[in-house]
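These protein sequences, in sequence, are chains A and B.
Going from the first sequence to this note's numbering is simple: count from 1 and add 14.
Going from the second sequence to this note's numbering is simple: count from 1 and add 8.
Some clues are possibly wrong.
[Said to hold, decoys possible] Listed below are the simulated DSS-like cross-link pairs for lysine-lysine, each with C-alpha atoms no more than 27 Å apart in a straight line:
no.	chain 1	residue 1	chain 2	residue 2
1	A	K440	A	K408
2	B	K173	B	K238
3	A	K216	A	K341
4	A	K243	B	K260
5	B	K250	B	K59
6	B	K250	A	K250
[To be verified] Some chain B residues close to chain A (C-beta under 10 Å, calculated; not the full set):
no.	residue
7	I70
8	N76
9	R217
10	G245
Hints listed in this document are in silico derivations from the structure and should not be mistaken for laboratory results.
From a predicted model like this one, the values you see are computed outputs, not experimental measurements.
For each residue, glycine too, the CB sits at the ideal point set by N, CA and C.
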Amino acid sequence: MTTIYPRVPTVLPPAHLPVVRLNSVTLHYMESCVGCGNCAPWCPYYYVDEEFAPVEKAELVRQILRRRYTAAGILAGRVVGARMPRTEEELWELLRSAYRCADCGFCYIACMYGIDSGAMMMALRQMLYEAGVAPTIMKVLARFERDGLYKGHPAVKSAWEAFLKEAEAPVGRRGARVLLAVTLMDITLTRDAVLNTIKVLKRVGEDFTLPEVPFGVRPPFGAIAGDVKAQRDTIKDLVAYAESLSPRLAVFIDGGYVYPQFRFEATNILRRPLGFQVLHVIELFAEYVREGRLRLKPLGIRVAWHDPCHLARRGGVIEEPREVLRKFTDYRDLPGHGERSWCCSGGAGIIFLSEEFYRRVSQLLGTDITAGVSPRESAFLRETEEALRRAMLKKVKDVRKSGVQMLVTACPACIETLRAGLKFHKVDVGVEHISNLVAKALE
Amino acid sequence: MELLELAIYVLFPAALGLFAVGAAYRLLRYVFVYRSGFYVRRPRGIGHVIKGLIMTFLNPIILAFRGNAVEAFSGLIVLHLAALHPLVFLLAQHIAYIQQIIPPYGILWPLAIPISAITGTLQVTTPTGVVQRVTTIWGPLTSVLNGDILAVIATIGIVYKMVEKFVEKARGHRRVRTGDLLVWPLLLLIVLTGWLAAHHYPPGVCWYRLLLGLHITSAAAFVAVMPFTKYFHFLWGYWYGKLHEWYDNVIKRGV
Chain A
15 MTTIYPRVPT VLPPAHLPVV RLNSVTLHYM ESCVGCGNCA PWCPYYYVDE
65 EFAPVEKAEL VRQILRRRYT AAGILAGRVV GARMPRTEEE LWELLRSAYR
115 CADCGFCYIA CMYGIDSGAM MMALRQMLYE AGVAPTIMKV LARFERDGLY
165 KGHPAVKSAW EAFLKEAEAP VGRRGARVLL AVTLMDITLT RDAVLNTIKV
215 LKRVGEDFTL PEVPFGVRPP FGAIAGDVKA QRDTIKDLVA YAESLSPRLA
265 VFIDGGYVYP QFRFEATNIL RRPLGFQVLH VIELFAEYVR EGRLRLKPLG
315 IRVAWHDPCH LARRGGVIEE PREVLRKFTD YRDLPGHGER SWCCSGGAGI
365 IFLSEEFYRR VSQLLGTDIT AGVSPRESAF LRETEEALRR AMLKKVKDVR
415 KSGVQMLVTA CPACIETLRA GLKFHKVDVG VEHISNLVAK ALE
Chain B
9 MELLELAIYV LFPAALGLFA VGAAYRLLRY VFVYRSGFYV RRPRGIGHVI
59 KGLIMTFLNP IILAFRGNAV EAFSGLIVLH LAALHPLVFL LAQHIAYIQQ
109 IIPPYGILWP LAIPISAITG TLQVTTPTGV VQRVTTIWGP LTSVLNGDIL
159 AVIATIGIVY KMVEKFVEKA RGHRRVRTGD LLVWPLLLLI VLTGWLAAHH
209 YPPGVCWYRL LLGLHITSAA AFVAVMPFTK YFHFLWGYWY GKLHEWYDNV
259 IKRGV
């Protein structure tokens with residue numbers, strides 16, 4: 015059996031906590047917070063505990079940065095709010111806060127000073143990952159993706175081949191206009207959405223191709239795990255592969271962090287423009303609708319669009335899904351929508367932090383990843399699951415108020431989180447990927 | 009040299025010097041750690057970009073009222089906009105003093121605010137006995153827009169924030185640092201000594217000179233440390249932060 019555990023399971027002495035490099039933006043985040051707490055009411059985890067308000071969580075990072083980068087912090091330490099974690103216990107406490115943030119960006123727009131506390135929490139994940147403190151599943155999947163192990167893994171290979179057989183679509187075709195960048199997570203969590211997307215592309219006569227192997231696990235997984243090297247290597251590898259096929263468009267079905275990572279961050283990581291344009295599938299559908307290529311019959315169903323934070327607030331795709339849904343559904347917005355949409359609370363990998371997900375990933379990889387889980391991590395997972403259930407209450411209330419029959423969205427993490435959460439809180443509203451609904455409405 | 013003379017001729021100018029050095033240091037750090045990004049922006053029309061700029065500044069205010077209306081009203085509107093800003097920058101005595109150091113500041117005389125509601129014209133007494141009369145544009149508004157009223161509002165606001173910070177600290181909030189516990193009392197000292205000096209209370213020249221000396225000294229202390237504290241947001245953090253957010257969200261991502 016292939017060993018896919020990363021090589022960094024040991025915790026480094028905290029004195030050597032690798033602190034992120036300072037740039038003008040992190041400098042601003044470090045020194046400009048006045049502690050007004052305007053961000054707090056907009057963070058779903060604030061309602062779990064006040065200590066998880068963005069201002070409080072980001073202060074943990076500010077303490078580390080002050081200790082490392084300011085003269086006052088080095089000389090006066092805690093008196094000026096500068097502090098470096100000293101024990102492994104403290105690192106785990108920090109990890110708890112790092113995973114009480116879905117990096118949704120609501121606190122960013124609510125902040126009087128434009129401080130992105132989500133970015134600070136991602137910086138915290140990076141420091142902790144470097145120190146060897148990260149949930150096992152994050153280490154496993156980041157490494158699995160970074161080293162390209164998913165390309166040759168027997169279980170993944172057989173799942174991918176089964177998917178290709180069912181999809182009956184061109185594979186690895188050079189020069190196709192669209193590369194449908196289907197990931198391993200896509201075919202695992204939202205397989206129906208992938209198949210329905212292909213159905214739509216075929217119906218409109220799109221010139222498209224699928225990749226020969228999955229387009230990463232959920233790339234770049236390192237971005238949410240805190241593994242900067244995995245993030246960079248994965249993007250480099252996948253962009254090179256996509257460019258080898260020379261498509262005009264690389265289209266993602268996943269509307270989570272995958273989209274902004276390729277749409278905005280990839281060029282910055284590679285320091286060059288990409289050889290293709292990055293779109294989310296909903297942008298492509300909207301383009302078809304505008305061109306009259308996609309004709310949809312009314313479904314007579316009352317739906318609302320749940321804006322995935324990374325697609326809308328952090329990705330700028332807000333109007334397109336509404337433009338498409340208004341064509342064939344009785345559409346209405348949730349009370350909190352668009353730029354001010356409530357986060358589902360399961361983003362940035364939080365939904366993966368449950369024993370059930372550990373089992374599902376173990377099953378997928380044919381490797382028992384729970385074997386590497388310490389009692390402390392088990393407790394952390396249980397706490398995280400409980401926090402997620404409570405954090406999503408704001409979203410659940412919004413859905414309840416809206417009176418819709420179905421919630422439509424485009425992020426596998428949102429779909430998993432909302433389905434589980436609405437069921438747990440006894441709200442009888444279905445959750446579907448938009449590709450499923452569009453395919454159903456094809457004339 | 010007595011405190012008042014020391015404050016006027018030594019401490020406050022020295023504080024301004026320290027302020028300039030501190031501000032330069034803080035701004036230069038941004039230059040030294042700057043790293044350019046390589047991004048392909050989402051194309052958006054000029055209308056979207058301008059609307060985005062306005063909303064970037066408005067969003068936190070709207071959300072502040074929705075999230076915690078009492079805090080937003082008392083902290084943002086009353087303390088910041090109604091009390092501190094006009095009190096610090098437009099009180100006639102302050103304009104007179106700052107004009108001595110920075111002459112172009114005198115351009116603000118038409119906006120000057122009187123010390124009390126008793127008269128609509130301004131009577132400014134400087135430590136050297138110079139009397140200056142000015143006609144303000146505020147007219148009957150000076151019945152509420154005057155030093156006395158603003159000082160009362162500012163005092164209530166500062167005491168509220170001071171108590172809030174102590175309570176938050178006691179509740180273990182990380183965001184309250186030692187500096188917060190020192191600077192709010194300092195602000196209170198500035199307002200109270202200024203108000204007492206302006207009203208010559210307690211009576212007597214010695215008290216007046218002592219209180220005014222204390223007022224200017226404490227203000228000098230605040231000005232000197234300002235670039236090294238979160239209060240620099242007024243000149244830099246607020247503007248840089250919101251403009252960067254505008255670039256990041258609206259220009260780059262097209263939100």
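How the hints compare with the structure:
Restraint check for K440(A) and K408(A): the C-alpha separation of about 14 Å stays at or below 27 Å, so the hint holds. Using a Cα cut-off of 27 Å, the hinted pair K173(B) and K238(B) holds, with the two alpha carbons roughly 14 Å apart. At roughly 20 Å between alpha-carbon atoms, K216(A) and K341(A) fall within 27 Å of each other, so this suggested pair holds. With a C-alpha separation of about 24 Å, the suggested pairing of K243(A) with K260(B) holds against the 27 Å cut-off.
For the hint linking K250(B) to K59(B), the alpha-carbon distance of about 14 Å falls within 27 Å, and the restraint holds. For the suggested pair K250(B) and K250(A), the alpha carbons sit about 32 Å apart, so the restraint of at most 27 Å is broken. For I70(B), the interface hint holds, the least distance from its beta-carbon to any beta-carbon of chain A being 9 Å, beneath 10 Å. Evaluation of the N76(B) hint against chain A yields a held restraint, the C-beta minimum of about 6 Å falling below 10 Å.
With 10 Å as the threshold, the beta carbon of R217(B) stays out of range of chain A, its nearest partner Cβ sitting at about 35 Å, so the hint is violated. With a least beta-carbon distance of about 3 Å to chain A, the hint placing G245(B) at the interface is held under the 10 Å criterion.
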